[in-house]
Amino acid sequence: MATPADFNGYTPTWCPGCGNFGIGVTLRAALAQLGFSPSSVFVSFGIGCSGNMNDFLNAYASHGLHGRALPVAIGMKLANHMMKTIVVAGDGDFYGEGGNHFMHGARGNHDITVIVHDNRVYGLTTGQAAPTARKGYKSKSTPGGIIETEIDSMSLAITQGATFVAQAFAGNTIHMVEIMKAALSHKGFSLVNVLQPCVTFNKINTYQYYVKNAYKLEDVHDKANINKALLKAQEVHAEKFPLGVIYQIEKPAFHEQLTQLEESTLVSHQNSSYILDELLADFR
Amino acid sequence: MKQFLWKIGGEAGFGILTTGIFFSKIAARLGYHIFDYIEYPSLIRGGHNAYDVLVSDAPVFASKSIIDLLVCLNKDTYTLHNKQLIPSTLVMYDPDEFDFEEDRIKIKVPFKKILKELNGQAIMKNTIALGASLALLGTDLDELNNILTGQFSRKGDEIVNFNKQFAKAGFDYIYNNYAGQKVELLEKRENEKQLVLTGNESFALGAAIANCRLYVAYPMTPSSSVLSVLAAWQNKMGMVVRHAEDEISVINTALGGSIAGVRSAVGTSGGGFALMVESISFSGVAEIPIVIFLSSRPGPATGMPTWTEQGDLLFTVHAGHGEFPKIVLAPGTVEEMVELSVKAFDLADIYQVPVIVMSDMLLSESHKSMNESFVNGLVSTYKPDRGQTINKTDAKPYLRFKITDDGISPRLIPGQKGVFYQANSYEHLEDGHTTEDSSERIKQADKRDRKTATYLKNHFKSPEVIGDIDRSEIVFVSWGSTRGVLLEAQRDLQMKNISTSILHFTHMFPLDSNQITPYFSKQKRYILVENNAQGQFGKLLRMETGVTLSEKILKYDGRPLLREEIMSYVTKK
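Chains as they are written, first to last, in full-length UniProt numbering: chain A, 1 to 284; chain B, 1 to 573.
Please keep in mind that the hints were generated in silico from the structure rather than gathered at the bench.
From a predicted model like this one, the values you see are computed outputs, not experimental measurements.
Errors might be hidden in some of the hints.
Calculated lysine to aspartate or glutamate pairs in the DMTMM-like style (CA-CA distance at most 25 angstroms, straight line) [said to hold, decoys possible]:
(1) B:Lys164 <-> A:Asp6
(2) B:Lys112 <-> B:Asp140
(3) B:Lys396 <-> A:Asp6
(4) B:Lys461 <-> B:Glu323
(5) B:Lys392 <-> A:Glu263
(6) A:Lys187 <-> B:Asp140
(7) B:Lys457 <-> B:Glu372
(8) B:Lys236 <-> A:Asp6
(9) B:Lys461 <-> B:Glu335
(10) B:Lys155 <-> A:Asp6
(11) A:Lys84 <-> B:Glu245
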């Protein structure tokens, strides 16, 4: 059995107090508790402070392009659906640059767990407003206050076909580890939006802010009810942040609907299995 | 050698393209070689469609201008192609629809009347015309009937027979009224078994042979039929085909599959390729094998979607920010397409680089006949060469980006217990971790660069010399699809006692200056031939080898070069 320490890579270079520490610790703990090892998971990282976890987490991984972590993960899952596949990305990366992939990945219900570090700013480029920034948020790129409303990513995921949507707070790792384990155990597209203070660039959405505005979902919340889930998700516009599993239903994952993957993974086929004559028949 | 050009035209949306491929297949089944060419607007209905099929008893590689039999399903067909007609051209048309004055051999077939008598729909005019064409060309209806049976058998005998009667009506009409005009051209003859396929289909076939397991694409003319062919084959082959939301997702999905260890490919045209460019750079630095099929059409931007051009060569060669090795191949015929697509998958694995296989609308959508034995031969001898792709490593620690003399590091398929690594788009250390260290950066950049030298030494192929370069006055310099028209022009010029040779490039980038420059050191008239406006290969050749070509035949109106254009250029000087 692997321990959380087996997943420890390089010492993180995040700013002291950064919410990413909590997310990193939690992910390692969740993976170890579920019996995974660095050799049995594939993590596709985005680009940004969150993506820099690539060097701090031991795993088979891709540290690809800004916005494109999800399609790389989809490719991995199609080629080797036995591999536990995870996306680690930031809010600008996943909801901004990669927004199109987010929508379509959810539609496909690909069996991938997506952990979005939602700090409402672009940290690595020194603090411009992210799509998650609250309307009116002033930043270097939006000195007059951002005109767009904050993205409601959880509603987007739910309405586009994601089968697991949850929210966690980087300041509460004990709660977050349970949510992450639930997400990693879910079969299908799972999104965990993690509220994460950026201590360097975001002076508004601080630990204190979330302690005040976030709350744990009551046990009676009916997570299979799409309408109730949407109401919870939309509370973001009222500066209320429910924590926990907001939505979860069972549906076949994308790869489970491909008959050519019924017997084995693509990567385990060593040789072509076509009958040449059948292919050539089209050309005679 | 006899060549005969059959052409059919009519309004878009009325089955012209299907009729054309039927004619090509019938000719090939009867023992002939064909090359066909389609003209259609970027529309589903309305506008003009035309399809020509060049038939010969010897292999053919490009169309010709003069039409021998023109089938006009409407008046536009006659008007639009009139300048390709001569007095000996047979023109089949319905005198109830239009007539003409010029001196041609008139074959009047009452399409409308026959349709009405048999209660047919407008689309069945094609079948009448096909039956009539076959009668005029001196063969029977057997093969057409076989094809119609194959096409409609799922819908039941009644539908099959309903369609066959239109073929018979057209056939009988000629038999009864124009027996004297018959050209004995399509009499069944002995020939090797032929396949009839396009460049796109050839790429799909190559991918199947090479054991490509993941194909991802977003439809874009003229590359889309690769997607539809492989999608139809995926279950037969145990392959996965993903039609993703955009081209960025397309290439990143394929890169994910490749990281997982399966051969992966994507296909697109210029605009979609432009969206993929950042990811090509990712493939370059993270050393992830990928095959990219790029079928060009005239740009810039949306350009002329259904027409042809070789306008993307320099863009392709330079695709991707930063410096990294890549390989660009450009087949010129369907045979080369099958062969080089298979090779592309090997090269991608061996060098762990992006390999781009270039095509254009002309090669992608024109059918050509190919000996079936060619494919069988290739399949029977082919074994995928996956280079240093490994399932297991004993190295401790395993270094994904290990510095080696040839630049190639063993690439572990993820999964081995006790090991892990990352495909990193940041500059990295040998073990994959991110670095900004000056000397580590230089080591990795040099390592990647050494793969180019290794490739040039082991797999680069000099241009094929077609003809005798020492005895020819003129040396054509070609790449990709211009091969076909030059082969035809070469034959025609030989008949006028002008001897030529062709330097045909397929391995476009990187180029090996040492191997190439000797071809250009002779006292000859070198003529660069390209289907673009700027002579892009000429520029590339100069950049890579210092060779400068001053004589150029360039065409960029969206149409393929014609052998007559080559002839007139050569003879006017």
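A quick look at each hint next to the structure:
A hinted pair counts as satisfied when its Cα atoms are at most 25 angstroms apart, and Lys164 (chain B) with Asp6 (chain A) does not qualify at roughly 72 angstroms. For the proposed pair Lys112 (chain B) and Asp140 (chain B), the alpha carbon gap of about 23 angstroms is at most 25 angstroms, so the pair holds. The straight-line distance between the Cα atoms of Lys396 (chain B) and Asp6 (chain A) is roughly 16 angstroms, inside the 25 angstroms bound, and the hint therefore holds. For the proposed pair Lys461 (chain B) and Glu323 (chain B), the alpha carbon gap of about 23 angstroms is at most 25 angstroms, so the pair holds.
Pair hint Lys392 (chain B) plus Glu263 (chain A) holds up; C-alpha atoms about 23 angstroms apart against a cutoff of 25 angstroms. Pair hint Lys187 (chain A) plus Asp140 (chain B) does not hold up; C-alpha atoms about 60 angstroms apart against a cutoff of 25 angstroms. Pair hint Lys457 (chain B) plus Glu372 (chain B) does not hold up; C-alpha atoms about 32 angstroms apart against a cutoff of 25 angstroms. About 42 angstroms separates the Cα atoms of Lys236 (chain B) and Asp6 (chain A), which puts this hinted pair outside 25 angstroms; it is violated.
For the proposed pair Lys461 (chain B) and Glu335 (chain B), the alpha carbon gap of about 16 angstroms is at most 25 angstroms, so the pair holds. Distance check on the hinted pair: Lys155 (chain B) and Asp6 (chain A) sit about 62 angstroms apart at the alpha-carbon level, beyond 25 angstroms; violated. Of the supplied pair hints, the one linking Lys84 (chain A) and Glu245 (chain B) holds, its CA atoms being roughly 23 angstroms apart against a limit of 25 angstroms.
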